[in-house]
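Residues per chain, in single letters:
2 protein chains.
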Amino acid sequence: MKDYVIIVAGGSGSRMNSTLPKQFLELKGRPILCHTIEQFYQYSPEIEIIVVLSGEYLQFWDDLRRTIGFAIPHRLVAGGKERFFSVKNGLAIIDDARVIGIHDAVRPMVSVRTIERCYHTAADHKTAVPVFAINDTLREVEGGISKTVDRNKFRIVQTPQCFDASLLKAAFEQEYKPEFTDDATVVEFYGEKINLIEGNKENIKITTPEDLELAHAILSVENRLR
Amino acid sequence: MKDYVIIVAGGSGSRMNSTLPKQFLELKGRPILCHTIEQFYQYSPEIEIIVVLSGEYLQFWDDLRRTIGFAIPHRLVAGGKERFFSVKNGLAIIDDARVIGIHDAVRPMVSVRTIERCYHTAADHKTAVPVFAINDTLREVEGGISKTVDRNKFRIVQTPQCFDASLLKAAFEQEYKPEFTDDATVVEFYGEKINLIEGNKENIKITTPEDLELAHAILSVENRLR
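Those protein sequences? They're chains A and B, same order as listed.
Position one of the first sequence corresponds to residue 9 (the working numbering), numbered consecutively onward.
Position one of the second sequence corresponds to residue 9 (the working numbering), numbered consecutively onward.
A few of these clues could be false.
Any copy, or any two copies together, can satisfy a pair, since identical chains are not distinguished.
Below are the DSS-like pairs computed for lysine-lysine, each with C-alpha atoms no more than 25 Å apart in a straight line [what the hints assert, rightly or not]:
| hint | residue 1 | residue 2 |
| --- | --- | --- |
| 1 | K177 | K201 |
| 2 | K96 | K36 |
| 3 | K134 | K201 |
| 4 | K10 | K96 |
| 5 | K213 | K161 |
| 6 | K161 | K201 |
| 7 | K96 | K134 |
| 8 | K89 | K10 |
| 9 | K161 | K36 |
I should point out that these hints are in silico values taken from the structure, not numbers from a laboratory.
Work out the full structure: start from the sequences and follow the hints.
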């Protein structure tokens, strides 16, 4: 019984003013995706790594990883139209898992400790997602009007979202719903309670050029931050 | 009619594992407070700067700014027990303002553009607070159970929170309520609509050692980020 991670890369890169999808953009000399894969390999060299890419980029990445000599083993799977279907495609090639984590390809700054906490909790309690508390004031906007809400009641959710393998597979047998914004929501709709684990705040999702700059900055001091 | 900023420094520094309050901690060779003051001076050398400090640190800071040769002019005011009373003490020495902004001393990474947007909007529309959208999934926690909520309905709120001077003064004549978590809430309770303006995400509140590391990192690439 092994642990798996499904690294999901969806986007077309349009928000980055770049033709290249975000996971391939350069961060400290290498594609973002390399950093992301490496964090899971650092957590455990035994973990099985599956990378889900948009079909049109499978060959591109396979060539690129050879060219740059990126040697961490991982299997490639073609993605679907929505994240839900991408994850489902990844799940389809897994048959001997204990815990499966699902992680965004564009979150290269996940700490090994966050990964550890999530996999360990999911092994013991079936579900685990990394979160952090909100330090700033939070406002709810509705029809042009906003009001302050109690920030202590809210948590920002990141990835890897980790689950007991049988539970996750069963949950993804449900019919797709637009409300499935993340994997925990799918499992929640299936009726399972989601355990919230302490994440690391710098584990940001790189979606804008500013995020990429911030990631560069964070990796410059990474040894102190992790 | 001048524009003012009240820079509020409250904390005792206990969460930083440091005896020194956070606003005095070193960031790129100088106290955090110097960076914060400088951003407003960069926005406009004409802006009137009032710094509210816990009474026990007024002499300390006055000595420190001389020692390090920090020359940007600003007036010092003793703080109160709650933020509300600290702001009120700052307001008490203002009598000729057009717009008053209130800013956290421990947000040195506010961009000049964010300051500009807030002051300009408040001058035209009475209120302005900088916010940014949430990129990650958001969960609401209640009694040990959490559920995904629609992140598009929420905004993270930062500072400077800027207001028409007469409106702000009138709002702070209200009796103190524990619900007054930020200055916009005070003005909101007084009955005025709050305008939400685009902020800059890296304008974080430095409250933990990790935040300070992140701030170091951000300032290393500041020219590209601002």
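Practice prompt. Against the earlier hints, flag every one the structure doesn't satisfy and list their numbers going up.
Written response: 2, 8, 9
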